[in-house]
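Undergrad: Those protein sequences? They're chains G and D, same order as listed.
Those letters in the first sequence? Residues 1 to 273, by the working numbering.
Those letters in the second sequence? Residues 1 to 413, by the working numbering.
Honestly, the hints are just simulated from the structure, not real lab data.
Take the hints with a grain of salt, since some may be wrong.
[What the hints assert, rightly or not] Okay, derived cross-link-like pairs now, DSSO-like style, lysine-lysine, Cα gap no bigger than 27 Å in a straight line:
1. D/K150 to D/K303
2. G/K165 to D/K186
3. D/K186 to G/K175
4. G/K254 to D/K269
5. G/K254 to D/K275
6. D/K186 to G/K254
7. D/K269 to D/K52
Here's the letter readout for the chains.
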Amino acid sequence: MTTPRSPDDVSRREFLGTVAKTGGQSFLFGSLFVNTALLRLPQDVATAKAKQETEIGKGVIYGFVVDTTKCIGCGSCARACRAENNVPDGYNRTWIEQYTFYPNGEVVVNSPVGGEAGFAEPPTRNMPAELEKVQPVRGFFVPKLCNHCIDTPCIQVCPVGASFKTDEGVVLVDKERCVGCGYCVQACPFGSRYLNPDTNVADKCTWCYHRVTKGLLPACVQSCPAEARIFGNVSDPASKISHILATNRVQVLKSYLGTRPRTRYIGLDSEVI
Amino acid sequence: MHHYITEGYVLPNQAHIYWTTMIVLYPYITGIVAGAFIISSMHHVFDKDELKPVSRFAMVMAFAFLLFATLPLLNHLGHPERALNIMFTPNLTSAMAGFGFIYSTYLFILAVEIWLVYRTDIVHLYEHTKWPAMKAVYYVLALGVLDISKEAEEVDHKVMVVLASIGIPAACGLHGYVGFIFGAIKANPWWASPLMPVIFLLSAIVSGVAMVMICYIVIQWLNGREVDGECTHALIETAWYFLIIDVALELLELINHAYMANEDWTILKTLVTTKLFVSMFIIQILLGSVVPFFAMGAVVVFKKRIPAAARNLIGVLCGVLLLAQVGAMRWNVVMGGQMFSKSLRGFLNFEIDIGGREGLIAGIVIFALPFVVIFVFSRLLPLWGSVETFPKEWMKEKPPVRQPLKGWSKFTS
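Next up, chain D with everything else stripped away, as it sits in the complex:
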């Protein structure tokens, strides 16, 4: 732990920053989970059919990121080997004690839901794969359940709807919880705010939609496939709506601080105008909010009059800006709250580590891991549609085109 250079009077124990890169990364990852899951559910539960092309991918993305959501935390803990104490002896007055339970519940729901969504495909691939070794893999993935009769599928679908409906509040819970972790700390005037969970949740959705949008368009480009215009439009529209509410609340939070001008405003004002100037006013507000607001707004307003190529480009570029916006927001909250001392008289000059356990490289590696999982997943199961979209050369014969179940087709297609 560094002893940072300080300005003004900093309390002796606060010449250190205890939460760094990993604690910025953790809400960033769970945010993408929540957002991707919402996109998937908008199709599965709320019948937004335009999002069908990405609904499976979004679910897999949510799962892949959720798998690694605990990694930054474990890497941060002073005693990661004691991590399970949080579930063995949870302190019920601690918001953080909920993490183990909220996380494992949500992981379970998501894992079961993905399994149900893919179950029939797994069985089809088990039956049709070219390679015997893969047959064993698919058998394991199917958990030995090879029944894909219509009756079995109907049961699957019923459970899926229930799980998806529980999944939405669970996703919101997982991320709203993260915001509460900060918002309920009365010791820190930069964090303490009931708006915090709402802001975290909304920015989570923005980042998740942005990530799905970027991946969808770029992967379609890379594979030389056509980008679905309606889907991209729906993604941009969703991101735009959530961005507006998110940024409105973020600004409300800041304006409220300034307008109330409590004893802490003197130091918070200096904080935002010096230490956080670039990450807040330039990245979070100007580049990450104002630019995408107008660019995506144009797509939403002009709809089909926007050429497809332009729409896709706006989708990718604004997606990147939105990810930067949310990343900057996490940074400004987590780091900003530790760059000034609780003496309200001094600042720390935080410099990000490049190497080291909690350094930038470690952060990038952790952030890359979900993509490795998504890649492996894409070799095993179709990401963008049902088994019919899987490379034909990987199968003995083309699996029969299944008759979709009436009313439930959106799940398996």
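The shape of chain G in the complex, shown without the other chains:
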């Protein structure tokens, strides 16, 4: 038996129906007022822009090889990067690490000001006092930069979608959208990212996206006198980088984290983390 209803009574079904209808309408209506640019995903915007400017975006996948056996530790790359990209003091989009090995098995790692001034002085900063007079047995330099990972944790964690990957595999930050939470900085296993104190947004190596989409090389590659940095289109079998990748054994940093870096290394030592 059903309870008699007065004309004012609204059944649950009718009530919920009305709520859903009016709610949906006001949501749609409200979204008209939301800046439509907000609803466009940054990768679409950037890729569209790149495609307008150049044909290079088509079928191109960029790659980067660091040949540690060639690096002479001059610091040109880091200086060029700072000049090209306006990198604030105290931060580095690329840097050079100096590894020095001592007979007792001690390894001293240094990167004074990111290695920008070169390594003319012997390593003193992180040197235990007892090693000061000891002749090192070997040493090498390792330039580092963003790995532009294929499965990159920085894009994964960005809460607002400000970190994104272009069609060419370059990992970028939309500085108009970034909220500056710093989560990507924490999530990057390589210390490639920083919060730019001038813009208060996340910042990082872009492989000089503004240059490479115009057919130029990244500033660090351009300025390297030792050809320790090789950049190019890995999907073109005729490119220099494809040749290098085909004829060398390469490694990536922290492969166990499964981020699949696109920056690959020749001559990496197990001490390099």
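Given the coordinates of chain G, assemble chain D onto it according to the supplied hints.
TA: Frame of chain G, contents of chain D only:
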């Protein structure tokens, strides 16, 4: 942002600490929310009647802290004006993108629940307040709904039970989420752990119970009112149980790191034995866990044989120690994870700022704000019971004693 003094090799971009006081404070605040809400729900949903004297207060406390949970985050953001991007363009692969939705859902549930709990009192005060201006305030607080017939109250109660039941998983979600933010960062060996959300949630409950316990006893003292022995006992007991599970998991986490001794253990070992020695072994473990474990354990074991004064004192002192424990735990996780470099070869010497946007003073001010809200609330509505407990001189006449609804009385009393 400071350039900190470093030891050993620190990656160039890591000579800075990006998450500081505010990011320690934020989980601390949401933790108190979760814990206070659990206390309130233990009475409302799980019929733990001993907690009746604090159940309303606990709910108000949860609400007051939740109101300000976003403030440390907004203060931390490089672009707080873009904060709503997290809801406009949420990146669905990001754990953090859930925050806006989890937070606003929970805030909504809690606001509606408090409103329902207090609705009849608001109407009574609307009818009986001495001051005409306050009449308008109560009218607004009642949202113009002045119907307190038995039928209306019954509807209120039904909705309340549903909301309280959704509220518990929501509270757990809000805080478990915070733990996940850290626990899911594979780049940081000190954070990456599936235990992290559980530890955060349990320590949240510990801190919330501790905060309710301290406030209850101290406010009763200040007002010269008697502290309810059964209630204090139940609070101590609850805090004790949760502390045991919490600390067991915290130690498990540390022991697991040490026993597995992965490549990162070398640096983590140095971290805990030097940089975090005081905050971890002295504050978090010794003073914050071992001491309250025995002191509160005595209350739990000896029950009524413990004199009331001693029990209250233990409640307050252990409450303070538990808050320190949880604060230290947040500090050790958040700051500890940034005091060593991902080069696994170097450390930062972090020094807390006193002034400045993310300094200690800013943190203390933010932490004090919920108490201002609780104070204002206490002038408008009764914190510790129903309207009968409100100061008589504030009302024209004593409101009639309401007949509690059968089976639902715990909500309105």
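Undergrad: Next, verify each hint and record whether it holds.
TA: Hint-by-hint comparison with the structure:
1. Annotation: proposed proximity of D/K150 to D/K303 is violated, straight-line Cα distance about 40 Å (limit 27 Å).
2. For the proposed pair G/K165 and D/K186, the alpha carbon gap of about 20 Å is at most 27 Å, so the pair holds.
3. For the proposed pair D/K186 and G/K175, the alpha carbon gap of about 25 Å is at most 27 Å, so the pair holds.
4. For the hint linking G/K254 to D/K269, the alpha-carbon distance of about 21 Å falls within 27 Å, and the restraint holds.
5. For the hint linking G/K254 to D/K275, the alpha-carbon distance of about 26 Å falls within 27 Å, and the restraint holds.
6. Between the alpha carbons of D/K186 and G/K254 the distance comes to roughly 11 Å, so the proposed pair stays at or under 27 Å and holds.
7. The straight-line distance between the Cα atoms of D/K269 and D/K52 is roughly 45 Å, outside the 27 Å bound, and the hint therefore fails.
The structure shown violates the earlier hints numbered 1, 7.
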